[in-house]
Every structure is written in C-alpha cells, then in structure tokens.
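Enquirer: For reference, the chains in residue letters:
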Amino acid sequence: MKKILINMAVMAVAIAPIAADAHHSFAMFDRNKVVSLKGVVRDFQWTNPHSWIQLVVKDDSGATTEWSLEALSPNVLGRMGWKRNSIKAGDTITAYFNPTRDGSHGGNMVRVMLSDGKVIGGGQ
Amino acid sequence: MSFVKQIIGASLLVLSTAAMAETAAEAAKKPVTPPKPARLADGHPNWTGFWVPVDGLLQHDIGLGGSPQMPAGSPPPPPPPFSHSAPLKSPYREQYAAFLAKMAAGAVADPVARCFPPGMPRMMAMVYGMELLQTPGQIAITSEWQAASRRVWLDRTTHPAATDLDPSYAGDSIGHWEGNTLIVDTVGIRDDVPVNYIGLPHSPKLHIVEHFMQISPGILVDDVTIDDPDVFEKPWTERQTFRYRPDLRIQEYVCLENNRNVGANGEAVFTDTAPTK
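Protein chains in written order, with the working numbering: chain A, 1 to 124; chain B, 1001 to 1277.
Hints listed in this document are in silico derivations from the structure and should not be mistaken for laboratory results. One or more of the hints may lead you astray.
[Said to hold, decoys possible] Here are the simulated lysine-lysine pairs, DSBU-like style, with alpha carbons at most 30 Å apart: (1) LYS1234(B) with LYS1089(B); (2) LYS1089(B) with LYS83(A); (3) LYS1029(B) with LYS83(A).
Could you put together the complete structure from these sequences and hints?
Expert: Written as structure tokens, this is what we have:
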C-alpha cells in the first residue's frame, strides 16, 4: 500500500493551471517535495481561510512532535467530497504534504490516507 | 508489481473513496451549459447564477492544499492576475521597486492575506467563484472570496462627483448594455487597495472599464481594462474567463475565522503554533 501511494505522489507531479488570486502565495512551501508522516490527529480545524490538521507524530525514542498541516478551505474541500468529520481527533492517519522551506513543523497538504487505507482528497 | 499495475491500483483506490457523490472537479468535466432562460424579461442576457474562473480551484482537482506540485525544473508560475501593466511612471516606479524588495523580505503584507477585501479589480480574479444576480436597475456581483460584493448600477449614467464619492474597496460601478455586451465603468477605489497581490499601486485616478460577454454558451468573459494616467504609461487589458456552474451555490467564507498565516508585520507566513483546545 505504501509503495502505491508513493507512486501516486510521483503521478501527482503536474503543472496545474491555477492562475487566480488566493489568500497567500505558496512560496513558503517546497513544492518540489512530497513527504509523508504517520501520526495521531489532535485537532482537525474545518475553518477558513484554511483547514488545518494538527498531527502528533512519535519518533523512535517515543518523543512526540506536533505538526501543523495546512489544507484548503471548507468551500473547496466540501466540494471534493470532504465533510467536517472526515478526520477526527484520535484518528491515525498518514499525511502527504509539501514541507515548509524554513523547516518549521508543518506543510501544505497533498493527500491523506486514513487508518483503514482509504485515501481522501482530490484526484490530482 | 509493474508500474502500470501500480497506477491502476492507485486509480482504483481513489475511485473507491470518491464513489458517493460527484465532486465539483468531476462536474467541471461535463459539457458547459448556459443559464436558462437565455434572456431576462427585459431582453438582456440572463447571467444570474454561480460562475467560477476556468483557472480556479473549483475547475480542477489538485490536492488538498490547492498547491500544484512543482517538480524541479518547472517553469515559474504564471504572474498574478492584473500584473501585465505597462511600465510605471516615476515616482510610482521607484516606490514600487522598494515595496517589492520589502515584500520579498517579509516586511509588508498583502491586505488579502490579512483578510481585508480584495477590492477592484482583484475581486474579479479570486480562486473560488462569483455569484451574479440581476435585478432591475442593478447587477450584484458577489465573490465567494470573503463575500466581497459590488453593485453595478444600471439606473444611472454618471458617477457621483468626486467630492461626494468616498473611496471604497469595490469603487463605484455604473453599467449599460450594448447589444449582448455589458460595459461597466468603475472609479472611486481606495488608495490602499493594491491592483494585484504583489502590491501594484494606483492613484486616485484609477479607472477600470469592463466588457462582459458570453463568448460561448456558459462561458463568460470579463475584459478588464485598467487605466491610471498618473501611474501607468498606458492602459492595459486582461481577460478573466468564467464558466457557469449550475451545480454549485455560493457558500460562506469568513477569512477572519482562523487566519493563521499572519506574521508580526502582517505579512503572509506559515506558523506551526496551533491553538490548543
């Protein structure tokens, strides 16, 4: 399953035609990279101007770090088929995202795999 | 497993999770249809409904963050809407160069990142959609972006005198029909409303003329001509293209709800400090 998803990330490499005006630029994210992290959701903020997943990730030593993962607004995610309870606190998920350029613990969401293997998000 | 099989497997995985309802991006692949009836009782074209920019987020399916993936070596992203101006005149040219340097250093904000209204002309180029409502004497245009709203007055032919016109984000717009083309003339835009998201300036003389036309059934264009003789060496025109989307209705979008992208200078940033519940 993991291998398939990694290949999906490669398939996602395409120049999308988005050329309209938005809340902020994506310059803060490294869009050359898609990284993944598995963790437990502390909070899913279904909010404007962006939704956020707060993901608590445990390392090999057992120490935890919270990551802030930025996603689109509910008016777009909802029209992709998401709901405000698509992800809930306590869910174990694998998040695929463009990391921040400054190394802060966060990124721009690309897709999410739920604990049952379902992938939610756009088709890319 | 061959690469082809992996692709098929990945595609099925996506399909299985999206089986319940048609998404906006899937609906966007259907044939374009125009609003019905084609004309209002007064004989003018009927454009009432929800329209989305063909280059916007609701026409495409690019992932949860709305950020297209950019492999190394990709061409640079297209310039922001309303940035194809003729050269600036002095002193705006020098002031704008200084502004861009400050913006690159994260020292100044785009007002939209701080949730101020985009104003004119930017509100015609936001990533979501816009709702057009036609009623005798006026046309209301509401961008889904922050519910930014403007009125095109059809029941007067002149703007208020400059002394009576308080500058506003959307400005004062008057319109009239020439055949099937709606022509809209806008003045009175606040000085602190940038022309685009990288701070392109304007003076109190900013004058915007738009030609709205349905160039094919369900495809509406807005040819936006921007003139400011104090700032730009000559006017320029940029086309915004919209598709009618009867499957969508305008939704609420309140930018101030949870704006975590504002730095100490008001600049757009990413912060990994999350509110704790």
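Enquirer: Now tell me, hint by hint, if it's right for this structure.
Expert: Hints, verified against the model:
Taken as a hint, the LYS1234(B) and LYS1089(B) pair is honoured in the structure, with Cα atoms around 10 Å apart against an allowance of 30 Å. Taking the CA atoms of LYS1089(B) and LYS83(A), the gap is about 50 Å. The hint is violated against a cut of 30 Å. In summary, the hint linking LYS1029(B) to LYS83(A) is supported, as the alpha carbons are separated by about 22 Å, within the 30 Å threshold.
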